[in-house]
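Student: Everything in the sequence shown is counted per the numbering used here, starting at 1 for the first residue and increasing by one.
Bear in mind the hints are in silico, worked out from the structure with no lab data behind them.
Where a beta carbon is used, it is the ideal one built from N, C-alpha and C, also for glycine.
Accuracy of the hints is not assured; some may be wrong.
As the list claims (entries may be wrong) - Derived pair list, reagent style DSBU-like, types lysine-lysine, alpha-carbon separation capped at 30 Å:
hint, residue 1, residue 2
1, LYS196, LYS38
2, LYS145, LYS126
3, LYS38, LYS155
4, LYS38, LYS52
5, LYS126, LYS52
6, LYS145, LYS155
7, LYS196, LYS145
8, LYS126, LYS38
9, LYS196, LYS155
10, LYS38, LYS145
11, LYS155, LYS52
12, LYS126, LYS196
Said to hold, decoys possible - Pair by pair, the computed Cβ-Cβ distance ranges are:
hint, residue 1, residue 2, range
13, ASP100, PHE134, 20 to 28 Å
14, ALA173, ARG58, 27 to 35 Å
15, PRO37, SER183, 31 to 39 Å
16, VAL42, THR147, 29 to 37 Å
17, TYR113, VAL49, 34 to 42 Å
18, GLN136, LEU75, 16 to 24 Å
19, THR147, GLY116, 19 to 27 Å
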Amino acid sequence: MNKQKLAGIVIAAFAIASIAFVTVITQTQSSTAQTAPKGNSVYLFAEGVNPKATFVFREATVTYDFQQFSQTSNLFATAGGGVSQRTAVPEFTLIRIVGDTPYLHEAVDQTYYYQGRSTSHEYPYKFFDIIVNFDQAGQSIRTYKYTDCSVTNYKIDTRTDGEEAWAGKTVFALFETYSFQCSGFLPQSPTYQILKSSGDKYSPYGRQ
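Build the full structure now, drawing on both the sequences and the hints.
Tutor: Put into structure tokens, the structure is as follows:
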């Protein structure tokens, strides 16, 4: 076998190996993108407590994971004479990584489209109920039920861990912030209901 034929065989073998390598890399990247970890199982929460929200729309009932929850209204407003009254309108925000939440996105889009029109104008996602569960080890330990809710604000912003992201030491995270206003609010304690239904009497601070 002369040198010219040998060189041709080597080049052909190298080309085949290169194509195979590129194919493997492409398939690996595609597989990684398709199987990217999602949901609250990806993140570390103190004592494992994390928020989930169930949205009861006219079209469907869906549950999404959220990473942050914040109540923005005071539940214990005080009227004249020091009398406590529930006068505050329930308001809260939910924050999560931008994800596949089509029904919630539709609620935002319809609210934006129809804003400024007559308050009597109806559209499918104008009002809906929201059930926020705070789960620990797969069990809800606190539940907030909101009724007749509407979207009051929505934004997407980028967050980083200090300035390290600019040095390539961490990643950028795109967050969605949803703000809601509701007409009704009902707090519940699922664990207390379990104790009550089982006949156990809860005694705070060890008192009998």
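Student: Take the C-beta atom of THR147 and the C-beta atom of GLY116, compute their distance, and say whether it sits inside 19 to 27 Å.
Tutor: holds, 25 Å
Student: Is it true that the CA of LYS145 sits at most 30 Å from the CA of LYS126?
Tutor: Within the cut-off at roughly 18 Å; holds.
Student: Between LYS196 and LYS155, does the CA-CA distance stay at or below 30 Å?
Tutor: violated, 42 Å
Student: If you draw a straight line from the CA of LYS126 to the CA of LYS52, is it 30 Å or shorter?
Tutor: holds, 21 Å
Student: Next pair to validate is LYS126 with LYS196; report whether the Cα-Cα distance is within 30 Å.
Tutor: violated, 37 Å
Student: Measure nothing beyond the straight line between the CA atoms of LYS38 and LYS145; if it is 30 Å or shorter, mark the hint as holding.
Tutor: With Cα atoms ~25 Å apart, LYS38 and LYS145 stay inside 30 Å; holds.
Student: A range of 16 to 24 Å was offered for this pair. Does it hold for the Cβ distance of GLN136 and LEU75?
Tutor: holds, 22 Å
Student: Given the hint that LYS196 pairs with LYS38, test it: the Cα-Cα distance must not exceed 30 Å.
Tutor: violated, 36 Å
Student: Determine whether the Cβ-Cβ distance between ALA173 and ARG58 falls within the hinted range of 27 to 35 Å.
Tutor: holds, 32 Å
Student: Hey, LYS38 versus LYS52, does the alpha-carbon distance stay inside 30 Å?
Tutor: holds, 13 Å
Student: Please work out if LYS38 and LYS155 have their alpha carbons no farther apart than 30 Å.
Tutor: holds, 21 Å
Student: Falls inside 20 to 28 Å, the C-beta gap from ASP100 to PHE134?
Tutor: holds, 23 Å
In this structure, the earlier hints numbered 1, 9 and 12 are contradicted, and the remaining ones agree with it.
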